[in-house]
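J.: One line per chain: the protein sequences are A and B, in this order.
If you use our numbering, the first sequence corresponds to residues 1 to 295, in order.
If you use our numbering, the second sequence corresponds to residues 296 to 533, in order.
Hints were generated in silico from the structure; no laboratory data involved.
Fair warning: there could be bad hints in the mix.
In silico SDA-like cross-links for lysine to any residue, where the CA-CA straight-line distance does not exceed 25 Å [claimed, not checked]:
no. : chain 1 : residue 1 : chain 2 : residue 2
1   : B       : 387       : A       : 15
2   : A       : 210       : B       : 407
3   : A       : 210       : B       : 349
4   : B       : 298       : B       : 353
5   : A       : 210       : B       : 371
6   : B       : 371       : A       : 211
7   : A       : 210       : B       : 484
8   : B       : 408       : A       : 217
9   : B       : 387       : A       : 10
10  : A       : 6         : B       : 377
11  : B       : 371       : A       : 200
12  : B       : 387       : A       : 16
13  : B       : 387       : A       : 209
14  : A       : 210       : B       : 353
15  : B       : 409       : A       : 97
16  : B       : 387       : A       : 4
17  : A       : 210       : B       : 409
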Amino acid sequence: MNRSVKRIVQDFRRHPWIHLVSVITLAISLFILGGFFLVSRNVQHIAEAPGAEVSGTLYLKAGLTDTDVNTLKDRLQAKPVVHTVTFKSKASVAEELKDFLSRYRNEPVVGTELFPDVMEIQFKQGTSNEAIGALRVDIQSFPEIEEVDFSEDWLVQYGKFRQFAGILGVVLMICVVLGTSFVIANFMGMRHQSRREEVDIIRLIGAEEKFVLTPFLMEGVAEGILGATGAVMGLLFARSLMGGMLSVQWSSLLGIKSWLFLSLPQTMLVYLIGVLMAVSGAMVIFLRTQERNAR
Amino acid sequence: MSKMVRLHAVQKQYAPGRYALQDITFELDRGEFAYITGSNGAGKTTLLKVLFAMEKVTGGTILVNNREVSTLPRNKVSLFRREVGFVFQDFKLLPDLSVGENVGLPLEIRDMKKSEIQHRVSGALQLVGLGDRGNDYPGNLSGGEQQRVAIARSIVGKPVLLLADEPTGNLDNRTAREIMSLFNEIHEMGTTVLIATHDDALMTEYPARVIELDRGKIIADRDAGMSPAFGQEQRKEF
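Between the sequences and the hints, there should be enough to build the whole structure, so can you do that?
T.: This is the structure we're talking about:
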């Protein structure tokens, strides 16, 4: 084992560029794969964030008194699926809109006098679509309410999208693995040319297959681990860049405070796939040299 | 005297009607020194290759050190090659390994202790006159020196038989003579040596048994000191 390790270290020193290109190829492939895992995990994270839970906006009829509004608020708050109820007067809604728009341009906002007063409802986590649907029917019959706008329709669509994205993701992942394996196999083919003579000579002076194969396998493992580490580092860097963007604008909109990184099983899977791809490539070289030496 | 090499009716056919070797039968005693000669394409290299289990024969039997080579299973070939040294015309040194590492490689393959490897590598390099070049790389050596390294590598494992395929083919006359002296020295130490060459001058200067091939067949087998013409008449019967 020590000799194999020594031979690998020697080989990395002798052919640094070959190994470097090999590790970079693996790292790029695994970065793409890990990037897919990362996106998938964060999409799920956004979906599960409290801010993305079903919320509702109730547009109130004009001319309600403060008492009417307070009574309505209490009635809504008493509903078992409701978490919070917030009243926003037409003036405060207009003010919020002005604030939002003033970040981008300094033009007066027209037509704010037409805005209605609104009540925003936040539902308790885990509330079913059926319960929300039942509440919508109930609330629509309230005389103080002009219109009900719940986001459960969006969530149903989002659920369908997630299902579709899941299938698409698996297909994409298979394509990425096959594509990168193809690239790596071709690259290994080039490496095979550079190692062929060495392997032939070692065989001619009496090396057993184990002696020839072991360094190939260990090289594969080493390159796989280095490639996967490069990919994970790259993903960490990408996440930190995305984190800066999130804190500026998207945090409140998406309801998440930070992007998640790969879970431990996902990280281990990236390493495993890296090692498997590199070892497969190494085996390709070994088998090609074996074919050549078949007597 | 027991035989080191026995070939009987050996055939090597690459395609129907295309023979590289035909009905090759001869024996080599232990400790014998012999040449295989013949023009280009006569079958010298093929004969050495079948003796070294680099190619399979299509007929006949080959015994080397009482081991049947022609039917040797693939997983036994590596062990067999440890008993036989082979010197190639193009040296076949690993350019990225130092001279010492190249010479020590056959011992490393045998999983020998580092101290033992160093001791034997040093001895082999001394024998070929390169005792102080162990740390150099093949690229820094002349052709003759590289061939010496290749010879050191082939004998470091103390083979019972040493095969050499045109070992002086790429060397100038003076260096070729030095290399032949070295083979003589190795032979005097008790190793059986079989050299493929078409250099008549060297064979005259270092006389030994000569097995002559032509188009894959033995056309003469003469003992040391016999002239080629005499050898033709004295062809041995098997």
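J.: So if I understand the rule, the pair passes when the alpha-carbon distance is 25 Å or less; does residue 210 (chain A) with residue 407 (chain B) pass?
T.: holds, 16 Å
J.: Tell me if the straight-line CA distance from residue 210 (chain A) to residue 484 (chain B) falls inside 25 Å.
T.: Outside the cut-off at roughly 33 Å; violated.
J.: Is residue 408 (chain B) close enough to residue 217 (chain A), meaning Cα to Cα at most 25 Å?
T.: Satisfied, since the Cα-Cα distance of roughly 24 Å is no more than 25 Å.
J.: If you draw a straight line from the CA of residue 387 (chain B) to the CA of residue 4 (chain A), is it 25 Å or shorter?
T.: holds, 22 Å
J.: Assess, step by step, whether the Cα of residue 409 (chain B) is no farther than 25 Å from the Cα of residue 97 (chain A), and give holds or violated.
T.: violated, 80 Å
J.: Assess, step by step, whether the Cα of residue 387 (chain B) is no farther than 25 Å from the Cα of residue 209 (chain A), and give holds or violated.
T.: holds, 19 Å
J.: For residue 298 (chain B) and residue 353 (chain B), compute the direct alpha-carbon distance and say whether it is at most 25 Å.
T.: Roughly 23 Å separates the two Cα atoms, so the pair holds.
J.: Can you confirm whether the C-alpha distance between residue 210 (chain A) and residue 349 (chain B) stays at or below 25 Å?
T.: Holds. Residue 210 (chain A) to residue 349 (chain B) sits at ~19 Å (cutoff 25 Å).
J.: Compare the distance between the alpha carbons of residue 6 (chain A) and residue 377 (chain B) with 25 Å, and conclude whether the hinted pair is satisfied.
T.: Distance ~23 Å between residue 6 (chain A) and residue 377 (chain B) Cα, so the pair holds.
J.: Is it true that the CA of residue 387 (chain B) sits at most 25 Å from the CA of residue 10 (chain A)?
T.: Roughly 19 Å separates the two Cα atoms, so the pair holds.
J.: Keeping to a limit of 25 Å between CA atoms, is the pair of residue 210 (chain A) and residue 409 (chain B) held or broken?
T.: Satisfied, since the Cα-Cα distance of roughly 20 Å is no more than 25 Å.
J.: For the pair supplied as a hint, residue 210 (chain A) and residue 353 (chain B), is the alpha-carbon distance within the 25 Å limit?
T.: Violated, because 29 Å separates the two Cα atoms, which is more than 25 Å.
In summary, the numbered hints that this structure violates are 7, 14, 15.
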